[in-house]
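Engineer: Starting from the known structure of chain A, fit chain B onto it as the hints suggest.
Number of protein chains: 2
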Amino acid sequence: MKLITEQQVIASDQKIVMLIADGLGGLPLKPGGPTELEAAKTPNLDRLAYEGCQGLLDPIGPGITPGSGPAHLALFGYDPIEYNVGRGLLSALGLDFDLHSSDVAARGNFCTLDADGNVLDRRAGRIPSIQSEPLCSKMESEINLGDIKIHIRSEKDHRFLLVLRGQGLSDQLHDTDSQQTGVPPLKCQPLTESAARSARIVDDFVVQARRLLADQEQANGVLLRGFAHRLPLPTMADRFGLRAAALADYPMYRGLAKLVGMEVISRDTNIETRYKVFDDNRDDYDFFYIHFKKTDATGEDGDFDAKVAAIEELDATIPALMETNPDVLVVTGDHSTPAAMAAHSWHPVPVLLHGGFVRQDAAKNFGEQAATQGSLGRMPMMHLMPIAMAHANKLAKFGA
Amino acid sequence: MKLITEQQVIASDQKIVMLIADGLGGLPLKPGGPTELEAAKTPNLDRLAYEGCQGLLDPIGPGITPGSGPAHLALFGYDPIEYNVGRGLLSALGLDFDLHSSDVAARGNFCTLDADGNVLDRRAGRIPSIQSEPLCSKMESEINLGDIKIHIRSEKDHRFLLVLRGQGLSDQLHDTDSQQTGVPPLKCQPLTESAARSARIVDDFVVQARRLLADQEQANGVLLRGFAHRLPLPTMADRFGLRAAALADYPMYRGLAKLVGMEVISRDTNIETRYKVFDDNRDDYDFFYIHFKKTDATGEDGDFDAKVAAIEELDATIPALMETNPDVLVVTGDHSTPAAMAAHSWHPVPVLLHGGFVRQDAAKNFGEQAATQGSLGRMPMMHLMPIAMAHANKLAKFGA
Numbered sequence: 011m012k013l014i015t016e017q018q019v020i021a022s023d024q025k026i027v028m029l030i031a032d033g034l035g036g037l038p039l040k041p042g043g044p045t046e047l048e049a050a051k052t053p054n055l056d057r058l059a060y061e062g063c064q065g066l067l068d069p070i071g072p073g074i075t076p077g078s079g080p081a082h083l084a085l086f087g088y089d090p091i092e093y094n095v096g097r098g099l100l101s102a103l104g105l106d107f108d109l110h111s112s113d114v115a116a117r118g119n120f121c122t123l124d125a126d127g128n129v130l131d132r133r134a135g136r137i138p139s140i141q142s143e144p145l146c147s148k149m150e151s152e153i154n155l156g157d158i159k160i161h162i163r164s165e166k167d168h169r170f171l172l173v174l175r176g177q178g179l180s181d182q183l184h185d186t187d188s189q190q191t192g193v194p195p196l197k198c199q200p201l202t203e204s205a206a207r208s209a210r211i212v213d214d215f216v217v218q219a220r221r222l223l224a225d226q227e228q229a230n231g232v233l234l235r236g237f238a239h240r241l242p243l244p245t246m247a248d249r250f251g252l253r254a255a256a257l258a259d260y261p262m263y264r265g266l267a268k269l270v271g272m273e274v275i276s277r278d279t280n281i282e283t284r285y286k287v288f289d290d291n292r293d294d295y296d297f298f299y300i301h302f303k304k305t306d307a308t309g310e311d312g313d314f315d316a317k318v319a320a321i322e323e324l325d326a327t328i329p330a331l332m333e334t335n336p337d338v339l340v341v342t343g344d345h346s347t348p349a350a351m352a353a354h355s356w357h358p359v360p361v362l363l364h365g366g367f368v369r370q371d372a373a374k375n376f377g378e379q380a381a382t383q384g385s386l387g388r389m390p391m392m393h394l395m396p397i398a399m400a401h402a403n404k405l406a407k408f409g410a
Numbered sequence: 011m012k013l014i015t016e017q018q019v020i021a022s023d024q025k026i027v028m029l030i031a032d033g034l035g036g037l038p039l040k041p042g043g044p045t046e047l048e049a050a051k052t053p054n055l056d057r058l059a060y061e062g063c064q065g066l067l068d069p070i071g072p073g074i075t076p077g078s079g080p081a082h083l084a085l086f087g088y089d090p091i092e093y094n095v096g097r098g099l100l101s102a103l104g105l106d107f108d109l110h111s112s113d114v115a116a117r118g119n120f121c122t123l124d125a126d127g128n129v130l131d132r133r134a135g136r137i138p139s140i141q142s143e144p145l146c147s148k149m150e151s152e153i154n155l156g157d158i159k160i161h162i163r164s165e166k167d168h169r170f171l172l173v174l175r176g177q178g179l180s181d182q183l184h185d186t187d188s189q190q191t192g193v194p195p196l197k198c199q200p201l202t203e204s205a206a207r208s209a210r211i212v213d214d215f216v217v218q219a220r221r222l223l224a225d226q227e228q229a230n231g232v233l234l235r236g237f238a239h240r241l242p243l244p245t246m247a248d249r250f251g252l253r254a255a256a257l258a259d260y261p262m263y264r265g266l267a268k269l270v271g272m273e274v275i276s277r278d279t280n281i282e283t284r285y286k287v288f289d290d291n292r293d294d295y296d297f298f299y300i301h302f303k304k305t306d307a308t309g310e311d312g313d314f315d316a317k318v319a320a321i322e323e324l325d326a327t328i329p330a331l332m333e334t335n336p337d338v339l340v341v342t343g344d345h346s347t348p349a350a351m352a353a354h355s356w357h358p359v360p361v362l363l364h365g366g367f368v369r370q371d372a373a374k375n376f377g378e379q380a381a382t383q384g385s386l387g388r389m390p391m392m393h394l395m396p397i398a399m400a401h402a403n404k405l406a407k408f409g410a
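So the sequences go chain by chain: A and B.
Taken in order, the first sequence gives residues 11 to 410; the numbers are from my numbering.
Taken in order, the second sequence gives residues 11 to 410; the numbers are from my numbering.
Excised from the complex, chain A in its bound form:
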């Protein structure tokens, strides 16, 4: 369905708060058991669920497991398939790297090559950061691409960010990572004619890197993927007329927020302090995105009990949030991270909507099963933003 939200935007004084418990959706540890959210004692969220309405929303689409980038874009009302953010850009955002608009960023992996130049291990034995960091510095200082300046930043373990800076660079480049072992890394293929020079520059980088890493036992090669410019995304002000603010401590989420034109008004790790910052700044913005990381981190660790505790920790802060009287409050996750899987998953995410002429439904507590009974039903997550805007009186009638 085509969205028409943008043509219907009107101004109102009402404030929308979107509280994102990262990776909130979960799974039971055994059949018939509760999910993390259902196991957690959440009297405050349950009361909001009783007063509001719920649904189970698909971050991207049925069956699709999202990364944090597209999952957040969907929360912010962007079609995550239309606005497909490249992995290189997400790496830059995650590292708080100040990407210029003409830069090309790529995600790099150190890899292990055999004597014939075939890939033995796409992740170089997952060498720890302490080993990979000096290799990143060495590549940055010793590889010479003429006019093109190189920036390399170590990510965790075998991963790094490569940024090429110079005139006339294109991101229309195929990955050099074939995602297979037993074959050599791919030569960089230009996807358009005007990207031919950029492809040659990338190949030059790869050849020099291999020479420089030749003495390494594990990390003796590099694989590159997700070449990307900084996307010229329309801002939330452009699209929805919303002055939007982000309150988040992790760089990736601040970066995603900045990508859609939000101002970061708090990096405080204490979430109640952030509620206070929201309250102090409420006149200057219309939309507030508050990010809570611990639910995802504990899910990724496969620690069911720790995720339950994280949810209970968030629940305990809800009275402080409600004292600030947000006009419309959304509580949800960007995706599911079931501890049982220790990874992101495709499962739809429970969404709680509270305030502003909400039509109460039969769901009496906040959880996956309750959300199945909710009046929001099941739909793609990108539709949540127009629904929140409607409840905040920010959308005009369509047609007469």
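By construction, these hints were calculated from the structure, which means they are not laboratory data.
Hints may contain errors.
Identical chains blur together in the list; that is why a pair holds if it fits in one copy or across any two.
[Claimed, not checked] In silico BS3-like links for lysine-lysine, alpha-carbon gap of 30 angstroms or less:
| id | residue 1 | residue 2 |
| --- | --- | --- |
| 1 | Lys51 | Lys268 |
| 2 | Lys159 | Lys148 |
| 3 | Lys40 | Lys407 |
| 4 | Lys166 | Lys303 |
| 5 | Lys303 | Lys407 |
| 6 | Lys304 | Lys407 |
| 7 | Lys286 | Lys148 |
| 8 | Lys374 | Lys51 |
| 9 | Lys40 | Lys374 |
| 10 | Lys159 | Lys407 |
| 11 | Lys40 | Lys51 |
| 12 | Lys197 | Lys407 |
| 13 | Lys148 | Lys374 |
| 14 | Lys166 | Lys407 |
| 15 | Lys303 | Lys197 |
| 16 | Lys159 | Lys40 |
| 17 | Lys159 | Lys51 |
| 18 | Lys51 | Lys148 |
| 19 | Lys286 | Lys51 |
| 20 | Lys268 | Lys304 |
Structural biologist: Then chain B, alone, in the frame of chain A:
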């Protein structure tokens, strides 16, 4: 999702009746209370709900509050965004004005201009019809646009319909209403090159109207919006192979029905008489649209109890309808008009489907909460028509 309904159409003898209680969806007056439909005693509709299935459908899309025009097009199986009906055309339909295919219609507002020509009040103090009607007649008889003939009809209060009739007119014109006060009305901007002459004609009309109204205290200017030709919509016969009939008393709804090729076979205000007319004409048509206005009018008035009474009045007629044995019956609204808001709203609408191999669901009564448990789920309203057609055996298998 792309619709394939049109390629699958087959003929059957079964009759579909769509009973539309305008503005049916509602809200509780206080948290935990019933909506209008839930408060109403509706034993007959409840029995149909028990025997049939329910869902909560979005007239246009999540968060979008519809006007009656697009909401009805969605009920009739048309994508209301693709077939966006201009306000001028809806005004003409609402007044039963016989628009020719080359005419251009626009919705006019009388407005108040200050000494500098800036808009003081976009609605001229909402002057009553008794004041605005003579001004409409005066404009129609005294404004001279050469070859172009002018028709002006008073709508309620400060509103009027302007129809320009002549050769080579275009509706590709921007509104002259900037929707703001403190600024002058906009000059008419042509949206295409070939609309330049039409824009000059509109500007000429506005200048002459202003001269003619100069002595008025409140209504001393005009604002125009929604320039529109009569749309060349594909008919329901073209799209769905349906011979379609409308039974409606209000001109706007008869006009919308005619727009998609329906024949109006009853304007009777008594709904049981209309059921009789349906029964008498069942052999000549496949689809019958029956409109009931009172649920919307009482909702717009903000009168919860009157809307409850209107729903009960409709319920009491259901036995007479069921005596005619419609093969497939749909009972729903075009949108929600909660008395608590005294306006159209974005909330999804309960839909009841009865007959023709319907898969009974757990919902035991007709209402918003029950519909949340219904097997139709939540989806855009334009998908209702293919579902009704399937139950009437009017859609063939897709693929082998």
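Engineer: Determine for every hint whether it applies to the structure shown.
Structural biologist: Hints, one by one, checked against the model:
Proximity of Lys51 and Lys268 under a CA criterion of 30 angstroms is satisfied in neither setting, with 34 angstroms inside one chain copy and 53 angstroms between copies. For a Cα distance limit of 30 angstroms, the shortest separation of Lys159 from Lys148 inside one copy, 14 angstroms, qualifies, whereas the shortest one across copies, 74 angstroms, does not. Taking the shortest alpha-carbon separations for Lys40 and Lys407, only the inter-copy value of 24 angstroms comes in at or below 30 angstroms, while the best intra-copy value is 47 angstroms. For the identical chains of this complex, Lys166 and Lys303 are intra-copy neighbours only, at 17 angstroms inside a copy versus 55 angstroms across copies, given an alpha-carbon limit of 30 angstroms.
Only between protomers do Lys303 and Lys407 lie at most 30 angstroms apart by alpha-carbon distance; the minimum there is 19 angstroms, versus 37 angstroms within a single protomer. Taking identical chains as interchangeable, the C-alpha atoms of Lys304 and Lys407 lie at most 30 angstroms apart only when they sit on different chains, with a minimum of 21 angstroms there against 39 angstroms within one chain. Proximity of Lys286 and Lys148 under a CA criterion of 30 angstroms is satisfied in neither setting, with 44 angstroms inside one chain copy and 61 angstroms between copies. Proximity of Lys374 and Lys51 under a CA criterion of 30 angstroms is satisfied in both settings, with 14 angstroms inside one chain copy and 25 angstroms between copies.
Within a single copy, Lys40 and Lys374 get their C-alpha atoms as close as 23 angstroms, and across copies as close as 17 angstroms, so both meet the 30 angstroms cut-off. For the homomeric pair Lys159 and Lys407, neither the shortest alpha-carbon distance inside one copy (52 angstroms) nor that between copies (32 angstroms) is at most 30 angstroms. For the identical chains of this complex, Lys40 and Lys51 are neighbours both inside a copy (19 angstroms) and across copies (27 angstroms), given an alpha-carbon limit of 30 angstroms. For the homomeric pair Lys197 and Lys407, the shortest alpha-carbon distance between copies (25 angstroms) is at most 30 angstroms, but the shortest distance inside one copy (53 angstroms) is not.
In this homomeric assembly, Lys148 and Lys374 never come within 30 angstroms of each other (Cα to Cα): the closest approach is 58 angstroms inside a single copy and 61 angstroms across copies. For a Cα distance limit of 30 angstroms, the shortest separation of Lys166 from Lys407 across copies, 19 angstroms, qualifies, whereas the shortest one inside one copy, 49 angstroms, does not. Taking the shortest Cα distances, Lys303 and Lys197 never come within 30 angstroms of each other, neither inside one copy (38 angstroms) nor across copies (53 angstroms). In this assembly of identical chains, Lys159 and Lys40 lie within 30 angstroms of each other by CA distance neither inside one copy nor across copies; the values are 53 angstroms within and 64 angstroms between.
In the homo-oligomer, the alpha carbons of Lys159 and Lys51 never lie at most 30 angstroms apart, since the shortest distance is 53 angstroms inside one protomer and 72 angstroms across protomers. Taking CA atoms no more than 30 angstroms apart as the test, Lys51 paired with Lys148 passes in neither setting, with 51 angstroms inside one copy and 71 angstroms between copies. For a Cα distance limit of 30 angstroms, the shortest separation of Lys286 from Lys51 inside one copy, 24 angstroms, qualifies, whereas the shortest one across copies, 47 angstroms, does not. With identical chains, the CA atoms of Lys268 and Lys304 are at most 30 angstroms apart within one copy only, with a shortest distance of 21 angstroms there and 49 angstroms across copies.
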